[in-house]
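Chemist: Residue strings, one per chain:
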Amino acid sequence: MIFKCENMDFGFKHNGTSYIFTDCDGMTLDDGGKAKHITRGLNATNKVGIPYTENLNQPDVITMPTLNMPKELFELLQQLYADETRISAFAIDRKTGASRFINNALIQKPPKQLNIQDGADNLKVELVIESFDVDDKLKEAA
Amino acid sequence: MADLLLKYAFDVSVKAPLPAVNAAYIKQVLAIVKPKSGAPEGQVIRCVSKLQVEDLTDNQDVGALFDGGLNSVFVLPLLDLNDAQSIIEQTLKDYFTILISSDFECEEVNLLSVGSFNGVVGFTFHLGKEPDAVEFAAKDKHCAFIGSDANGAQNMFFAFGKLLSAANWRSQQYIQTPKNDGIIDLGTADAYFNDRLSFVLTSQQYGNRLAFFVAGGQAISAPYAYENLTLDLQSAAVNYITLNQPAYNITECVILEDELQAVGNKYVVNSIFTGILVNVSLFEDNFRAQATIYAPMPKALWRVRAELIQGEAK
Numbered sequence: 001m002i003f004k005c006e007n008m009d010f011g012f013k014h015n016g017t018s019y020i021f022t023d024c025d026g027m028t029l030d031d032g033g034k035a036k037h038i039t040r041g042l043n044a045t046n047k048v049g050i051p052y053t054e055n056l057n058q059p060d061v062i063t064m065p066t067l068n069m070p071k072e073l074f075e076l077l078q079q080l081y082a083d084e085t086r087i088s089a090f091a092i093d094r095k096t097g098a099s100r101f102i103n104n105a106l107i108q109k110p111p112k113q114l115n116i117q118d119g120a121d122n123l124k125v126e127l128v129i130e131s132f133d134v135d136d137k138l139k140e141a142a
Numbered sequence: 143m144a145d146l147l148l149k150y151a152f153d154v155s156v157k158a159p160l161p162a163v164n165a166a167y168i169k170q171v172l173a174i175v176k177p178k179s180g181a182p183e184g185q186v187i188r189c190v191s192k193l194q195v196e197d198l199t200d201n202q203d204v205g206a207l208f209d210g211g212l213n214s215v216f217v218l219p220l221l222d223l224n225d226a227q228s229i230i231e232q233t234l235k236d237y238f239t240i241l242i243s244s245d246f247e248c249e250e251v252n253l254l255s256v257g258s259f260n261g262v263v264g265f266t267f268h269l270g271k272e273p274d275a276v277e278f279a280a281k282d283k284h285c286a287f288i289g290s291d292a293n294g295a296q297n298m299f300f301a302f303g304k305l306l307s308a309a310n311w312r313s314q315q316y317i318q319t320p321k322n323d324g325i326i327d328l329g330t331a332d333a334y335f336n337d338r339l340s341f342v343l344t345s346q347q348y349g350n351r352l353a354f355f356v357a358g359g360q361a362i363s364a365p366y367a368y369e370n371l372t373l374d375l376q377s378a379a380v381n382y383i384t385l386n387q388p389a390y391n392i393t394e395c396v397i398l399e400d401e402l403q404a405v406g407n408k409y410v411v412n413s414i415f416t417g418i419l420v421n422v423s424l425f426e427d428n429f430r431a432q433a434t435i436y437a438p439m440p441k442a443l444w445r446v447r448a449e450l451i452q453g454e455a456k
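Listed in order, the protein sequences are those of chains S and F. Mapped onto the working numbering, the consecutive letters of the first sequence carry residue numbers 1 to 142. Mapped onto the working numbering, the consecutive letters of the second sequence carry residue numbers 143 to 456.
Chain S on its own, in the form it takes in the complex (with noise of 0.2 angstroms):
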């Protein structure tokens, strides 16, 4: 599954209407360290191991940096932060369909410009949401 930035819709849903990113710089995901492992006595006789997992309880972070947010969306993002409301939001490759959507989704933190500076890095906004329900789904091309 490869996703390519340039081939995608960045956005999310809430209360039945999407709403998309004209200017997104794309997706990051930290999967807070969710990972299987093995592991065995130490009289190390066993060579399958016991497998068990950590950092279940951790949510996955995603971070969408975007620029040139509308005004009415800025405030909805706000009032939504607020609110602790849920929203869906999702990256959708508009060539193949394939998709990631980040349901249940809370936001971490409000829609901030951090940098107010010269130089394009500067003009970003970034929206922080945290979610236990990430669903990737990959098409055939058409």
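Incorrect hints may appear among the rest.
Keeping only pairs whose Cα atoms sit at most 25 angstroms apart, straight-line, the calculated DSS-like set for lysine-lysine is [as the list claims (entries may be wrong)]:
| hint | chain 1 | residue 1 | chain 2 | residue 2 |
| --- | --- | --- | --- | --- |
| 1 | S | Lys137 | F | Lys271 |
| 2 | F | Lys408 | S | Lys139 |
| 3 | S | Lys139 | S | Lys124 |
| 4 | F | Lys271 | F | Lys281 |
| 5 | F | Lys176 | F | Lys271 |
| 6 | S | Lys112 | S | Lys13 |
| 7 | F | Lys271 | S | Lys13 |
| 8 | F | Lys169 | F | Lys271 |
| 9 | S | Lys36 | S | Lys47 |
What the hints contain is simulated information worked out from the structure, not anything from laboratory work.
Following the hints, put chain F in place on chain S, whose structure we already have.
Modeler: Positioned in the frame of chain S, the structure of chain F alone reads:
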């Protein structure tokens, strides 16, 4: 009406979602009975109490729907079942279940045509009419109940009352029913079970219990769950399109797919379906997308064949 100046200076247009779909008809029943003398015939009448039903018919079956938990029932007093089709066609949107009372003989019911009605049809066959019942039960969404002559169809009406008044689509396994239909031996029960006939089993300890309840060989909840799911999917899709006015592109298809998948997931969470998979894709050049929905048939567990091994587990 807003003042002219307000409207002139600040004109507001409202874009509202469609109201939630009305699925009430799925839980409504049409009971066909013979009219008592002086009662109107050939009209579908909504009754909200047993007393109202008693004004229309002497039949006791319909009251069991209220005992089962329904608050209202459509009643069709009719002398001849051959006249039913045109009346049913005119009132299709009001109900999803037709129950034929014990006023009618199975020979009359076998000739009944329900036209374009695609819901559940139920009739109680009296003991000795099992071959007719088997034939009836083989039809899609047809529930053939077996009961004693003396009780009419009260157990069947009661069971449907319970099914349709429940909060969720469940098969009502072994609920207590009001009448003893005289089915008291395992051999008979096994035979009815194998023939996919619905019936009440009477045991000494537990009394009268619904021992099997199916329609067209499927779990009784299946046709209702599919109808409910279809309606919810339709409602969600229309709502999404109305609110978002989507363009004809893959991104919008995928978002719509996610909306519909969320509807399906609710049914899975409630254990009505084991899994639902929705797929929406572009289909034509414009206007119409193609959706495929996989929803495996809801099933119901009624019996267990167990083996007791008198030894330690290995």
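Chemist: For every hint, state whether the structure bears it out.
Modeler: Quick rundown of the hints versus the structure:
1. A C-alpha spacing of about 54 angstroms is found between Lys137 (chain S) and Lys271 (chain F), which places the hinted pair above 25 angstroms, so the restraint is violated.
2. For the proposed pair Lys408 (chain F) and Lys139 (chain S), the alpha carbon gap of about 24 angstroms is at most 25 angstroms, so the pair holds.
3. Between Lys139 (chain S) and Lys124 (chain S) the alpha-carbon distance is near 31 angstroms, which puts this suggested pair outside the 25 angstroms criterion.
4. About 16 angstroms separates the Cα atoms of Lys271 (chain F) and Lys281 (chain F), which keeps this hinted pair within 25 angstroms; it holds.
5. With a C-alpha separation of about 21 angstroms, the suggested pair Lys176 (chain F) and Lys271 (chain F) falls inside the 25 angstroms cut-off, and the hint holds.
6. Distance check on the hinted pair: Lys112 (chain S) and Lys13 (chain S) sit about 20 angstroms apart at the alpha-carbon level, within 25 angstroms; holds.
7. About 57 angstroms separates the Cα atoms of Lys271 (chain F) and Lys13 (chain S), which puts this hinted pair outside 25 angstroms; it is violated.
8. Under the criterion of a C-alpha separation no larger than 25 angstroms, the hint pairing Lys169 (chain F) with Lys271 (chain F) is inconsistent with the structure, at around 29 angstroms.
9. Among the hinted pairs, Lys36 (chain S) with Lys47 (chain S) is consistent with the structure: their alpha-carbon atoms are about 17 angstroms apart, no more than 25 angstroms.
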